[in-house]
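J.: The primary structure of each chain is shown beneath.
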Amino acid sequence: MNEPGKARSRWLSRRAIIAHVALVIWVPGCAIATRWQVGIAVGGNSLGWVYSVMWPTFALFAVVFWWYLIHDDPDSLGSRGLKRMVQDGPPIPEVDGGSAYIAQAEAEDPELAAYNAYLESLSKTAPSSWQRR
Amino acid sequence: MAQAAARRALVRYRVMAYTTAVLLIILVFAGIPLQVWDHNLWIVEVVGTMHGYLYLVYLLVAFDFTRKLRVPVARMLLVLLAGTVPFAAIVAERLLTRRYERELAEGLLSDPADTATPAPAAER
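Top line first, the protein sequences correspond to chains A and B.
Heads up: the first sequence is residues -5 to 127, going by this note's numbering.
Heads up: the second sequence is residues 21 to 144, going by this note's numbering.
Calculated directly from the structure, the hints in this document are not laboratory data.
Any given hint could be a false lead.
In silico EDC-like pairs for lysine to aspartate or glutamate, Cα to Cα no more than 16 angstroms straight-line [as the list claims (entries may be wrong)]:
no., chain 1, residue 1, chain 2, residue 2
1, B, 88, B, 126
2, B, 88, A, 66
3, B, 88, A, 67
4, A, 77, B, 84
5, B, 88, A, 105
Distance ranges between label pairs, derived from CB positions [unchecked claim]:
no., chain 1, residue 1, chain 2, residue 2, range
6, B, 25, A, 58, 37 to 43 angstroms
7, A, 58, B, 50, 32 to 38 angstroms
8, B, 27, A, 109, 24 to 30 angstroms
9, B, 125, A, 22, 41 to 47 angstroms
10, B, 48, A, 15, 24 to 30 angstroms
11, A, 113, B, 126, 25 to 31 angstroms
12, A, 111, B, 23, 39 to 45 angstroms
13, B, 54, A, 74, 47 to 53 angstroms
14, B, 24, A, 100, 42 to 48 angstroms
15, B, 95, A, 29, 28 to 34 angstroms
Beta carbons: idealized from backbone N, C-alpha and C, even for Gly.
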């Protein structure tokens, strides 16, 4: 996220620019509409109070939605992006189960090695329903 | 994203789309004529208030659903605005439900972690 190229694609992609423009038009529009509705409410139309609350909420939603849109993964957008995401799948982390460490510990401690061998023999005789998957 | 989560988002979205659409049709085709010709305000006040608050819920639910379907942003904005145009929310609901079914049939909504990840390798 700190790479400059990535930040640029996040903030200046076509999608991001549509989101910026929509926000820049929408939020001042909400401010104007709020003023207008407060005027109506003060003028005696009680329905104006409902919309006086509504318009600032619309502006707030716009900011929240904009923030989500900017932070969506740009590679997974649209049907094509979704397809790509599913085909590639998540990266499978390479996990070393600590086998080198275990081997070293077993070499140093014969009692541990014997106990591990005992556990392994138990797991081989266990009913298959006990094993994961 | 799990398939079940997408399904729940679809149901939430469809409920809110129809609710706001029906209220808006009542408001525009019954409330406003009554206000203009009969100076009868009650439908506009009651239904207008209900539509106003439920539209906020519609916005949240529609945004969540279109994001899960990975709808492009311009079309997403149209879906959000559809809640304020009579009948538009119903059209949007049909199109989005079809998109959901297409993406579901292509297996795009199942969680890649559920299908693509092999079972953890057994310890020797």
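J.: Can you give the numbers of the hints that this structure goes against, from lowest to highest?
T.: Of the numbered hints, 4, 5, 6, 8, 11 do not hold.
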